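Asker: Here are the chains, one letter per residue:
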Amino acid sequence: MEKRAVFKNWWLPILFALPQILLILLFFYWPAIAVMKWAFTLEPPFGGIAEFVGLTNFEEVFADPFYWNSVAVSLIFALCGTCFTILVGLVLAIAVDRRLPGSGLFRFLYILPYAIAGPAAGMAFRFILSPERGLMASLNAAFPDFWNPAKYGAHALILVIIIFAWKWTGYTFIFLLAGLQSVPRSLTEAAAMDGAGPIRRAIDIQVPLLAPTLFFLLVIMMTEGFVGSDTFGIVHSTTGGGPNHGTEVMVFRIVDEAFKGLNYSGASAQSIVLIGLIMIFTFIQFRFIEKRVHYK
Amino acid sequence: MRLTVLQSALASVLAATVFGAGPAHAEKTKFEFWYGLSGDLGERVQDACRKFNDMQADYEIICTSQNSYDTTLQNTIAAYRARKQPAITQIYDAGTLDMMLSGAFVPAKKLMADNGYTIDWTNYFGGIANYYATAAGELNSFPFNSSTAMFYYNADAFQKAGIDFKPETWEEVEEAARKLKTAGFDCPLGFNFDTWQMMEQFSAIHNQPIATKGNGYQGLDAELVFNKTKFVDHVKFFKKMVDEKLFVVKTKQLGMDIVPAFTSQTCQMIQTSIADHGTIGKTLPEGVKWEVAMLPVWKGTQRQNSLVGGASLWVMDGRPEGEYKGAAAFLNFLATPDMAQWWSTVTGYIPVTKTGFEAMKANGFYDKAPYKGRELAIASLTYTPTSQNTRGIRLGGFTQVRKEVSTALEAIFMQNADVQAELDQAADRSNAVLRRFEKTYAGQKLN
Chain V
213 MEKRAVFKNW WLPILFALPQ ILLILLFFYW PAIAVMKWAF TLEPPFGGIA
263 EFVGLTNFEE VFADPFYWNS VAVSLIFALC GTCFTILVGL VLAIAVDRRL
313 PGSGLFRFLY ILPYAIAGPA AGMAFRFILS PERGLMASLN AAFPDFWNPA
363 KYGAHALILV IIIFAWKWTG YTFIFLLAGL QSVPRSLTEA AAMDGAGPIR
413 RAIDIQVPLL APTLFFLLVI MMTEGFVGSD TFGIVHSTTG GGPNHGTEVM
463 VFRIVDEAFK GLNYSGASAQ SIVLIGLIMI FTFIQFRFIE KRVHYK
Chain C
-3 MRLTVLQSAL ASVLAATVFG AGPAHAEKTK FEFWYGLSGD LGERVQDACR
47 KFNDMQADYE IICTSQNSYD TTLQNTIAAY RARKQPAITQ IYDAGTLDMM
97 LSGAFVPAKK LMADNGYTID WTNYFGGIAN YYATAAGELN SFPFNSSTAM
147 FYYNADAFQK AGIDFKPETW EEVEEAARKL KTAGFDCPLG FNFDTWQMME
197 QFSAIHNQPI ATKGNGYQGL DAELVFNKTK FVDHVKFFKK MVDEKLFVVK
247 TKQLGMDIVP AFTSQTCQMI QTSIADHGTI GKTLPEGVKW EVAMLPVWKG
297 TQRQNSLVGG ASLWVMDGRP EGEYKGAAAF LNFLATPDMA QWWSTVTGYI
347 PVTKTGFEAM KANGFYDKAP YKGRELAIAS LTYTPTSQNT RGIRLGGFTQ
397 VRKEVSTALE AIFMQNADVQ AELDQAADRS NAVLRRFEKT YAGQKLN
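Quick mapping for you: the protein sequence lines, in order, are chains V and C.
Following the numbering used here, the numbering of the first sequence begins with 213 at its first residue and continues without gaps.
Following the numbering used here, the numbering of the second sequence begins with -3 at its first residue and continues without gaps.
Everything labelled a hint here was simulated from the structure, so no lab data went into it.
There is no bait here: all hints are sound.
What the simulated footprint calls covered on chain C by chain V, stretch by stretch (three residues with Cβ under 8 angstroms from a Cβ of chain V suffice, anywhere in the stretch; the number is not a length):
hint, region
1, 391 to 401
2, 406 to 414
3, 432 to 438
Keeping only pairs whose Cα atoms sit at most 27 angstroms apart, straight-line, the calculated BS3-like set for lysine-lysine is:
hint, chain 1, residue 1, chain 2, residue 2
4, V, 472, C, 441
5, V, 249, C, 435
6, V, 249, C, 441
7, C, 321, C, 80
8, V, 472, C, 435
9, C, 248, V, 472
10, C, 285, C, 162
11, V, 472, C, 80
Per label pair, the in silico range of CB-to-CB distance:
hint, chain 1, residue 1, chain 2, residue 2, range
12, C, 375, V, 241, 56 to 66 angstroms
13, V, 349, C, 179, 18 to 28 angstroms
14, V, 355, C, 375, 41 to 51 angstroms
15, V, 232, C, 384, 53 to 63 angstroms
16, V, 335, C, 77, 29 to 39 angstroms
17, V, 232, C, 438, 34 to 44 angstroms
18, C, 214, V, 349, 47 to 57 angstroms
19, C, 296, V, 277, 37 to 47 angstroms
Since we're looking at a predicted model, the values are computed, not measured.
Just so it is clear, CB atoms sit at the ideal spot from N, CA and C, and this is done for glycine as well.
If we strip away everything but chain V, and leave its shape as in the complex, we get (with noise of 0.2 angstroms):
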C-alpha cells in the first residue's frame, strides 16, 4: 500500500519550496544572469556604463592560444583524475568489502581525506612532494631533475592530479563500497564456491553489477575536475597555474583573468564556454555511455 502525503491549500507547498527557489534565484540565476550580461559587454571594474561589443569577448577568448592550452590542461586533468579516483576507489572498496579485521577502520581512514580543504591538502603537499625538501629530495639527489614542478609543466601537472586524486578518491570510495554492499552475498559466494578467485569475481560479476554507479561517478568526477571548487584551489594553491601556464585549467585561467586582470568581460566569455563544453561532455556521456549500463 502506498502512503501519500496530500496537501489542502495549493501555496502550502510552494510556501515550503519557497526558501530554496529563493536561495536558487540569488545564488543561480542571478550571478548566471550578470555573467550572460557581462559576456557581451566591456564590464568597467567598479562598474558604470558598459557598452555592447557582442560577440568581440568571445573572439577575443578563441583567438588567445593560451586559451586553447587551458582546455587541453584542464581535459587531462580531468581525465586523469577521474580514472585515477575511480579506480583507486574501486580496488580499496573490494578490499574493504570483503570485510577483514580492520575494515570499519580503513574505511573511515579511505573517506578522511574527502573533508580536507583542496587549498589546504594543496599546501600539504606542496612540501610533500617538494622537489628540494620533500619526499623526492633524496631522488633528485641521486638524479638532478628528476622531479621538479616548478621547472617543468608536466610535472607541475602530475601534482595537481596527485592532490586531486588524493582528495577525492574517498568519496568514490564510499560511492563504490556502498555499491558493492548491495551486490547479493549469495552471487559472489556462489562464484567462490565454483572456484572463482577474488579478482575473476570482481571482474566478472562485482563490476558489472556496480556499472550505474560507476557511470554516476564518470559523471560526477568529470565535472568536478572541470569546474570544481577544488580544482581551483589546488592549482591556485601549489603552482599558480605554471610553471609558463602549463598547469593553468580553464577555472583558473577565469578567476585569474577577472580578479587579477580585472577582465570581468572575458572571465565571464570563458565561463559561458565552459559551461557549454560542461553540457556537450554530460550529455556525450549520457547519449554514448549510458547505453552501456544495465540498470535492475
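Given the coordinates of chain V, assemble chain C onto it according to the supplied hints.
Answerer: Only chain C this time, still in chain V's reference frame:
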C-alpha cells in the same frame, strides 16, 4: 512555553541587529580602513590604528587586513559594487590607474581642503607624488608606504671571496659573482621573476621606457616597448649568468624565495625592496655583516632616479558625510612628523615627505646600526629629477602586464625559451590588455 522562549530570543537578536552593538560606542563615528600588508608589516598598521584611536574621542578607525595588495584591490572593487566600500583603502602602485579612472574616490586634496586641513603638497618627494598625481600634479591619493628596490649583499661572504669593491655596475656584480663561486658559494646572486626589480626599476635607472606616451602618462593609447630596450640585453645577461650557475633562480615554488635565501646565507646578493631592510636585519644571524646599495647600473650609464613602489591610501566616495571628517583626521595624523618617523622606523619604508626625511637625518637615525643604509633608498629615488621614463608607470591592467612578463621570464630561465621571442610575445599580449582597457574606458581622459 518553548515557543515564547524562542520568540523572545529571536526578538532580541533582531533588536541587536537593528539597533547596533550597544550604546557604549554610540557617540564615536566608526569608519573602515582596508590594507594589503600582512605579517609583521600588518601588525605595524594595527599599531598605527591603535595610536590614532587612543588619541582622540570622536572617531574610531577599524583596520582590516585583506592579506595582500591584489586582494585589497579586488575586495575594494567588490565592496564598491555592493555599496559597502571602506572609507579608506590601500592600493598598490600597479592599481593606480584602475583607481584613477574608476571615479570611485575623493581626491586627496579635496578631502583635506573640505575638512579644513592645510597640507603642503610640495613637501612630498617628487618621485613619490608623481606616481599618484594627475598630470597637472594634483595628488589623488596619499603616499603611505613607499619603497624602492635596493641591492643587498653579504659583506662577510665578499670578504671571504677576496672582493674588495662595492658592486656598483653589473660588470662588477659579474666579477663578484665569479669570485664568490670560486670561493665555494653556490648561489652568488639569487633572483625571482618579480618584474618590479628586474624590469621596472632597471628601466627607470637606465632611463629606458617600458611603454610609449611617457609610460602611459600621456594617454590610454600607450604601447609597451620593453621588448625593444636595454631590458632585453639585461635579460640575456641574466640568462648567461644562470647558464654559468653564477645567478640562481629562487622562488617560493622552488621552496625558497629571495629574501629567505639571503637571510639564510644561501645566496650572497639579491635585489629587493627597501621595505625588507628591517626584516633582513632582524633575521640574519647576529654578527653577519651585510650591506645595502643602490641597484647596479651598466657601465657608462647616466644613472636616473629609481621608481617608487609600495602603496598609497585612497578615500572612497559614497560614504556618509561624518566618516570623511574621521578619514581626514586619520590621514592628517599619519602625516604628522612624529608618526611619519615612527612608521619609517618600525618598517623599512621611507619617509614620504622632505621634512620627515630631514628630521630623521638631523636626529641621527640613519647613523644608527640597524637603520644604516636606508637613506640610500631616498638617494636612489631622488637621484635625478624625474624624466618621462622615471616618473612612474600609468598603464591600465598593469597587474596582468606584470604577469605576462614574469611568465615570459619563467619560460626563459626555467625552460630555456628564446629571450627575444618570449619578450615579444609578452609585449604583444600586454598590448592586448592595454587595448581592452582603452576600450573599456573609451571616452574617459587621463587627467
